Amino acid sequence: NAGVMQNPRHLVRRRGQEARLRCSPMKGHSHVYWYRQLPEEGLKFMVYLQKENIIDESGMPKERFSAEFPKEGPSILRIQQVVRGDSAAYFCASSPSAENSPLHFGNGTRLTVT
Amino acid sequence: AQTVTQSQPEMSVQEAETVTLSCTYDTSESDYYLFWYKQPPSRQMILVIRQEAYKQQNATENRFSVNFQKAAKSFSLKISDSQLGDAAMYFCAYRSAFGSNYQLIWGAGTKLIIKP
Chain A
1 NAGVMQNPRH LVRRRGQEAR LRCSPMKGHS HVYWYRQLPE EGLKFMVYLQ
51 KENIIDESGM PKERFSAEFP KEGPSILRIQ QVVRGDSAAY FCASSPSAEN
101 SPLHFGNGTR LTVT
Chain B
1 AQTVTQSQPE MSVQEAETVT LSCTYDTSES DYYLFWYKQP PSRQMILVIR
51 QEAYKQQNAT ENRFSVNFQK AAKSFSLKIS DSQLGDAAMY FCAYRSAFGS
101 NYQLIWGAGT KLIIKP
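Going line by line, the protein sequences match chains A and B. For the first sequence, counting from 1, position 111 maps to 111 in the numbering used here; every step adds exactly one. For the second sequence, counting from 1, position 25 maps to 25 in the numbering used here; every step adds exactly one.
Watch out, some of these pointers could steer you wrong.
Residues from chain A that face chain B, not an exhaustive set, calculated with beta carbons under 8 Å [said to hold, decoys possible]:
| # | residue |
| --- | --- |
| 1 | SER30 |
| 2 | GLY42 |
| 3 | PHE45 |
| 4 | GLU63 |
| 5 | PHE65 |
Derived from the structure by calculation, the hints contain no laboratory data. These numbers were taken from a predicted model, which means no experiment stands behind them. The beta-carbon is built from N, C-alpha and C at its ideal position, and this holds for glycine as well.
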């Protein structure tokens, strides 16, 4: 059973470009969560999605950031007009349900904005 | 608001020795969960151990055990018989019993170096 798959593993973008990060949850998991990790910090929650629905986006910046989890295909975290401060590792996790299910994490995408 | 503090940015230990990583937290809640996660160079976050605040007994998973001091709000991780594969960043995390598993509050991490 494949784990949570994130791609790309590394992404380099120039300031002003768009970044698209993909996450395929574990088989059978319909709940997806995105986190951001700055250097020497723990994870910061961004957004929680179920299929076709955003459940909690309280940690996501209101501008330039968006996320989706379509009926078919991976979850996408999209950052428009990237700035240097967006450079970070972005992690996706999935679970079969929202309550006490343990989270399964992917290996993250490291975004570097030049 | 709850906070989690890991005061040791880096620790090193000789292979086969025992090491303890510190974690303190601040909360006004009485019911919550505490976790230790391991992040090896592959970057994947791996759950090491979990403690429920209402349980007196310290959680143990093979060579990993915790020292949970609720009154002191301390949750340290002890790794016995350290192995090279234990080298990683270790994160302590807190979750309210009234929240969901994704609503974790994370410490800044401790980098563990294993000396052969």
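Checked hints:
1. About 14 Å separates the beta-carbon of SER30 of chain A from the nearest beta-carbon of chain B, more than 8 Å, and the hint is not met.
2. A least Cβ separation of about 3 Å between GLY42 of chain A and chain B falls short of the 8 Å threshold, and the interface hint therefore holds.
3. Interface hint status for PHE45 of chain A: upheld, as the beta-carbon distance to the closest one in chain B is roughly 6 Å, under 8 Å.
4. A hinted interface residue such as GLU63 of chain A counts as satisfied when its beta carbon comes closer than 8 Å to some beta carbon of chain B; here the least separation is about 23 Å, so the hint is violated.
5. At a threshold of 8 Å, the smallest CB-CB gap from PHE65 of chain A to chain B is about 17 Å, leaving the interface hint violated.
Against the hints set out earlier in the document, violations occur for numbers 1, 4, 5.
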